[in-house]
Amino acid sequence: MAKVTDNPNSYDFPIGKVRGHEVQFISNVPLEDFDNNVYLKAEFSSNVDPTKVKANITKGSNFETVATVTLDANGEANVTEYINNSSITYQINFEWGGSDEEWQTLKDNAITISDAVLTLKETGGFVHGQTGNAYQYPIQYIATDFNVDSNIDDQDSFDLLAHVLDVADVFVKYIEDTFSSGFAIVPSAIYNAITLSNWSDNDLPDLGDGNFTVDLTNGDVILAYKTAMWGDANLSHGTVQDNSSGSGQTFSIANSSSIQSKSVSRYTLADSTVDGTLISELKDNGEVHVEFEIQSDDTAALQLKVSYDTSRLQFKEIVFYTGNNTTNFGNAEYSSVNMGSLNQSGDALPSGSTMKIIFEPLETLTSAAGLVSITNTDAASTEGLQQILNLQ
Amino acid sequence: MKNFIYLLLTILVISCVKDDDYYFDQPVDSKLEILDVEGLKFQGSDITDGSLWNFKTLTEGSYNLEIRNHFNTLVSKTKFNAVIGDNVSNFYTKALKDGDYTVVIINGEDVIHEKRLTIR
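Chains A and B, in that order, give the protein sequences.
Heads up, the first sequence is in the working numbering, so the first residue is 1 and it goes up one at a time.
Heads up, the second sequence is in the working numbering, so the first residue is 1 and it goes up one at a time.
Okay, chain A solo, but in the shape it has when bound (with noise of 0.2 angstroms):
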């Protein structure tokens, strides 16, 4: 492929002779005569947007700047433009591309109560004396062994349960809160290359130094990716493996039905709903009353955010009435306030149970349309299985 380029229109020659004017010049010529193209495909969760994804691709030894490319909404970019030399090494290192907002936002979507759940499933904390038999695919482990002992035990599953309660945030304590430190963005090959067995005995395949070469003379080039998060236990921010069956290892599945559920790039453990109502009320005091109420009997956990509008509102408290052996947690941190309740007996919350937020107004207010909106949703079964709840 080359670009010839008559100021100020060009045109890409993708295959075949490439012809221009005495006045025209020819540029992204590449040193080998190739009709092949170089493809960037990342593969990510649906719940992750791609495009907020940048790829700083660099070559040879002296890692010299080659170009930044952001992918598009599939993962994807073309980056034959860039990659054109087979001779020379090449790296790609991704970064954020969206705001420390946004990161922020992925990180509370993505470890949620659901995950903490699971993960004290898989270690014996929910549901005492029914220990693993919790996660399905050999990333998950990696996701969640927090202090890298190659296990899995309750220190790993009370650090994640404390980073949903925001206790202690799971990226600070033990990596850095950084996209390029905490969403691992990893060749294909080496991704399905990681088994039970590799991890548990600390032999995990090697990255090596990211190097990384292309043959251009044989059809088009894939660079493949698959990606995962930090502390996302369920993988609703990541990707399966695709060969985890290869693991060499039998992994009992906790709930054989959601094989047959599951998708093809997102492991989906979420098999019911759990109804619920949100509603909000300006009181005659002035405050706004936001009141959640659970309306289903199988419920062992569930976690809320809700968004307010913090030039309006100031947070003042939560009240919970989600009967005595339950977890509550909540607080209020930039504009949203997180919530929830736990039974690590795995009993469920008693159908009709409450959690109500407490605003004062900055300002007179005429109605509480629109000042809290929820933003985010999660829960688990007494099974410890993700739910999707249903508020009405």
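These aren't lab readings, by the way, just hints derived from the structure by calculation.
Misleading hints may appear alongside valid ones.
Unchecked claim - Facing chain A, according to a computed beta carbon distance under 8 angstroms, are these residues of chain B, among others:
# : residue
1 : LEU35
2 : ASN72
3 : VAL75
4 : ASN90
5 : PHE91
6 : THR93
7 : LYS94
Said to hold, decoys possible - In silico BS3-like pairs for lysine-lysine, Cα to Cα no more than 25 angstroms straight-line:
#  : chain 1 : residue 1 : chain 2 : residue 2
8  : A       : LYS356    : B       : LYS97
9  : B       : LYS79     : A       : LYS283
10 : B       : LYS94     : A       : LYS356
11 : A       : LYS305    : B       : LYS31
12 : A       : LYS316    : B       : LYS94
13 : A       : LYS356    : B       : LYS79
14 : B       : LYS97     : A       : LYS41
15 : B       : LYS94     : A       : LYS52
16 : A       : LYS356    : A       : LYS316
17 : B       : LYS79     : A       : LYS316
18 : B       : LYS97     : A       : LYS52
19 : B       : LYS97     : B       : LYS79
20 : B       : LYS94     : B       : LYS31
21 : A       : LYS316    : B       : LYS97
22 : B       : LYS79     : A       : LYS305
23 : A       : LYS305    : B       : LYS97
24 : A       : LYS283    : A       : LYS356
As the structure is a prediction and not an experimental result, all values here were calculated from the model.
Here a beta-carbon is modelled for each residue, glycine too, at the ideal position from N, C-alpha and C.
Fit chain B to the known structure of chain A by using the hints.
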């Protein structure tokens, strides 16, 4: 003097009588004016932060206002009390992402009004 006392007593009696409930028609912004006896109206097709909306009803009572996104997922629900006639109040948008929404007014289980709007 006697007339003066009668006058005072009359004033006293009148002042102690329970007021009747009178509903005065408040002047409503022409953009929010609803000619029908009932209706729902916003200042424009787009809702901006703090803009006004009017819910006109013949039935006093409690209503719910739902805001649903383009996937018809509930993102906000507000309970409010309405009096007979016009009920004008502010609509706030800072807690909502920009986009197309459906605003639904519900009385009990019944959908009274439904409008598609863009929130900015």
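Verification of the supplied hints:
1. LEU35: With Cβ-Cβ at 23 angstroms, over 8 angstroms, it is violated.
2. ASN72: It is violated, given that the least Cβ distance between ASN72/B and chain A is near 12 angstroms, above 8 angstroms.
3. VAL75: holds, 5 angstroms
4. ASN90: With a minimum Cβ separation of about 5 angstroms from chain A (threshold 8 angstroms), the hint on ASN90/B holds.
5. PHE91: Given a least distance of 5 angstroms, the restraint on PHE91/B holds.
6. THR93: For THR93/B, the interface hint holds, since the closest Cβ of chain A sits about 5 angstroms away, which is under 8 angstroms.
7. LYS94: At 4 angstroms from the nearest chain A Cβ, LYS94/B passes the 8 angstroms test, so the hint holds.
8. LYS356/A x LYS97/B: Given pair LYS356/A, LYS97/B holds - Cα atoms ~23 angstroms apart, limit 25 angstroms.
9. LYS79/B x LYS283/A: The hint holds at about 10 angstroms.
10. LYS94/B x LYS356/A: Holds: LYS94/B and LYS356/A sit about 21 angstroms apart, inside 25 angstroms.
11. LYS305/A x LYS31/B: With Cα atoms ~35 angstroms apart, LYS305/A and LYS31/B exceed 25 angstroms; violated.
12. LYS316/A x LYS94/B: With a Cα-Cα distance of about 19 angstroms, the restraint between LYS316/A and LYS94/B holds, given a limit of 25 angstroms.
13. LYS356/A x LYS79/B: holds, 14 angstroms
14. LYS97/B x LYS41/A: violated, 30 angstroms
15. LYS94/B x LYS52/A: Within the cut-off at roughly 23 angstroms; holds.
16. LYS356/A x LYS316/A: Distance ~11 angstroms between LYS356/A and LYS316/A Cα, so the pair holds.
17. LYS79/B x LYS316/A: Given pair LYS79/B, LYS316/A holds - Cα atoms ~20 angstroms apart, limit 25 angstroms.
18. LYS97/B x LYS52/A: holds, 18 angstroms
19. LYS97/B x LYS79/B: holds, 21 angstroms
20. LYS94/B x LYS31/B: Since the Cα atoms of LYS94/B and LYS31/B sit roughly 23 angstroms apart, the hinted pair holds (cutoff 25 angstroms).
21. LYS316/A x LYS97/B: holds, 24 angstroms
22. LYS79/B x LYS305/A: holds, 20 angstroms
23. LYS305/A x LYS97/B: holds, 14 angstroms
24. LYS283/A x LYS356/A: Answer holds: LYS283/A to LYS356/A is near 13 angstroms, not above 25 angstroms.
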